[in-house]
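Student: One-letter residues, chain by chain:
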Amino acid sequence: MDWAYLFEISLTGLASGGLYALAALAFVMVYKATRVVNIAIGEMLMAGAYLFFTFSAMWALPLWLAIPAAVLASGVLGAVIERTVIRPLLGEPPISVFMVTVGLGSVLVGLVEILWSADQRRLPDFMPTSPIMVGDAFLAPKVFWGAVVAALFIAAVLLLFRYWRGGVALRATASDQAAAYSVGINVPRVFSLAWVASAMLAAVSGIIVGSIGGISSSMGVFGLSVLVVVIVGGLDSVLGALIGGLLIGVVEALAGAFLGGEYKLLATFLVLVAILMVRPYGLFGTHEIERL
Amino acid sequence: MTIPQSPPAVPAPLLQVDGVTLSFGGVHALSGVGFEVQPGSITAVIGPNGAGKTSLFNTISGFYRPNAGSIRFQGQDITRLPAPRRARLGLGRSFQNIALFRGMTVLDNIKLGRHAHLKTNVFDALLYVGRARREEAELRRDIEERIIDFLEIDHIRHAPVAALPYGLQKRVEMARALAMQPQILMLDEPVAGMNREETEDMARFILDVRAEWGVTVLMVEHDMGLVMDLSDHVVVLNFGQVIAQGTPAVVQADPEVNRAYLGSGDVGELRRKLRAAATPQGAQ
Chain A
37 MDWAYLFEIS LTGLASGGLY ALAALAFVMV YKATRVVNIA IGEMLMAGAY LFFTFSAMWA
97 LPLWLAIPAA VLASGVLGAV IERTVIRPLL GEPPISVFMV TVGLGSVLVG LVEILWSADQ
157 RRLPDFMPTS PIMVGDAFLA PKVFWGAVVA ALFIAAVLLL FRYWRGGVAL RATASDQAAA
217 YSVGINVPRV FSLAWVASAM LAAVSGIIVG SIGGISSSMG VFGLSVLVVV IVGGLDSVLG
277 ALIGGLLIGV VEALAGAFLG GEYKLLATFL VLVAILMVRP YGLFGTHEIE RL
Chain B
1120 MTIPQSPPAV PAPLLQVDGV TLSFGGVHAL SGVGFEVQPG SITAVIGPNG AGKTSLFNTI
1180 SGFYRPNAGS IRFQGQDITR LPAPRRARLG LGRSFQNIAL FRGMTVLDNI KLGRHAHLKT
1240 NVFDALLYVG RARREEAELR RDIEERIIDF LEIDHIRHAP VAALPYGLQK RVEMARALAM
1300 QPQILMLDEP VAGMNREETE DMARFILDVR AEWGVTVLMV EHDMGLVMDL SDHVVVLNFG
1360 QVIAQGTPAV VQADPEVNRA YLGSGDVGEL RRKLRAAATP QGAQ
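In order, the protein sequence lines correspond to chains A and B. With our numbering, letter number 237 in the first sequence gets 273, and the count goes up by one each step, no holes. With our numbering, letter number 198 in the second sequence gets 1317, and the count goes up by one each step, no holes.
With the rest of the complex left out, here is chain A (with noise of 0.2 Å):
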């Protein structure tokens, strides 16, 4: 056993789970604030990205202008979607709602292909391309760099949920919506808020996977290791989400340099069984019974 390319490779699925952290925070938000599943989370993440290649690449706008406007304009996507798709069904059962959402992700991938076509795109660089060297351990620059703006996201997110009136009015509508209409809680309004701000962090994971990995209508599958991350953490849980984000990054880079990259899937799924036989509500959410 080499430790030295092992404790490489742990590194690089270390700053990758960070990304799936930072876009498992995003599915959480809603589901917890909302109890919306979100499957469309993927899709959501690549629109952020497309709108980011929009400002960037095709109207040549400076870094430091494209990256607020690709997130505001997501975040006023979220909006959208949150009032013409989701609030119509508030009170519907909850297999409707996700099954809207599971339409939702192939309108988004509909419109991407319509307005950008379904080529594989590349983000234009930004991010400093001098190697990391953590020890004797090399770590891709964008890998390291994304995983630095992820966990920066991250801590904002927490700071806000614990001092922010919005973050707190958002708790407190997740843990009980009576008691947060009757303290003055604009419980609609958090809603909308929530899928703001979920769509806003997707946007933020969508334009670093994009510029890891080039950008396409079929990057929503990025999507699919998110909802293992979140079902491994327990849906309504941000710790489960920061934890199973980084525990599902080091699986797959495992899987991936030992077994070969057609092994990722496998090795994040046989997880995801083995954490749902243990823990069915996952390793820290809230215990239960989700019907879908």
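Don't take each hint at face value.
Rough simulated footprint, nothing fancy, chain B against chain A, three-plus residues with beta-carbon under 8 Å [unchecked claim]:
(1) 202–209
(2) 218–229
Just the calculated beta-carbon pair ranges, DEER-fashion [to be verified]:
(3) T322(A) / P1201(B): 19 to 29 Å
(4) R123(A) / Q1195(B): 24 to 34 Å
(5) G146(A) / Q1195(B): 45 to 55 Å
In silico negatives: residues of chain A with every beta carbon more than 12 Å from chain B [as the list claims (entries may be wrong)]:
(6) R119
(7) S132
(8) S142
(9) V307
(10) P316
No lab work stands behind these hints, which were simulated from the structure alone. Even for Gly, the Cβ is constructed at its ideal location relative to N, Cα and C.
Got chain A sorted already, so can you dock chain B onto it with the hints?
Tutor: Just chain B, lined up with the frame of chain A:
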């Protein structure tokens, strides 16, 4: 059928419920309910199980929209206002089945009562400077010095609410409602399921809330002893209708109230009453 309320020069009522009718499908939960809550009073709504007391509470606080009738608060028509707006206007409430933010501490729960009054924005919060820090400090002082001390829950302030015994949870709920700085405190069965000692504590708190904060109290309660001891005004509901209202003495002497509570033994009359309750009518 309102019993005339005589004291001269009554101040303008704080809350006016007028002809409120609420039905779920064909079931009339409330028909033509009307009463007033005077500022500074303790008003109780009583009635047998299923009389519509909680439905009335939910209508007043905005969880249900009445099919007819109006609700006025401080002279303003609030019938169409959504629940959070009403909360901000000054209607604080507790719930029969306790609606606390489980997973948060007692202090966090109480602080959320003040939520609607805070103005901290995203950037303040991210940096935890300026308004965020100042508001947090002010909030802490007020809540810690006044509400927590007052309700004697100092020892549990950092405990997660889910782990507390029932009586204390009820008290935390009341503390959260008080943190909203309400004009009117609506308590849905504040002493249900409490032992004698806890009930006496709660009775003392209710009286003190009025005395120290000048908060008007509207409560739904089954404990007749508590209701008769504390209330200035009692409203009796049966099958969704007001069958009597007035001072505790007046209500206790009302033959209709006794029948509603003890049953008349006359099946024919019961049937008439059911039918009357089931048909939509002006009631008055």
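Student: Indicate whether the distance between the beta carbons of R123(A) and Q1195(B) respects the range 24 to 34 Å.
Tutor: 28 Å, holds
Student: Would you say V307(A) is clear of chain B, with no C-beta pair closer than or equal to 12 Å?
Tutor: The claim holds: V307(A) sits with its nearest Cβ about 27 Å from chain B, beyond 12 Å.
Student: Within 45 to 55 Å or not, the Cβ separation of G146(A) and Q1195(B)?
Tutor: Holds, at about 49 Å.
Student: Against chain B, does P316(A) keep a CB gap of more than 12 Å to every residue?
Tutor: Correct as stated: the minimum Cβ-Cβ distance to chain B is 20 Å, above 12 Å.
Student: Against chain B, does S142(A) keep a CB gap of more than 12 Å to every residue?
Tutor: 33 Å, holds
Student: Range first: 19 to 29 Å. Now tell me if the beta carbons of T322(A) and P1201(B) are that far apart.
Tutor: 28 Å, holds
Student: How does the coverage statement for the segment 218–229 of chain A fare against chain B, requiring three or more residues with Cβ below 8 Å from a Cβ of that chain?
Tutor: With 6 residues closer than 8 Å to chain B, the segment 218–229 of chain A meets the three-residue bar; holds.
Student: Take the segment 202–209 of chain A, compare each residue's beta carbon with every beta carbon of chain B, and decide whether three or more fall closer than 8 Å.
Tutor: Contact hint for the segment 202–209 of chain A vs chain B: holds, 6 residues under 8 Å.
Student: Does the claim that R119(A) lies outside the interface with chain B hold up, using a Cβ gap greater than 12 Å?
Tutor: 17 Å, holds
Student: According to the definition I'm using, a residue is off the interface if its beta carbon is farther than 12 Å from all beta carbons of the partner; does S132(A) meet that for chain B?
Tutor: 22 Å, holds
Consistency note: the structure conflicts with none of the earlier hints.
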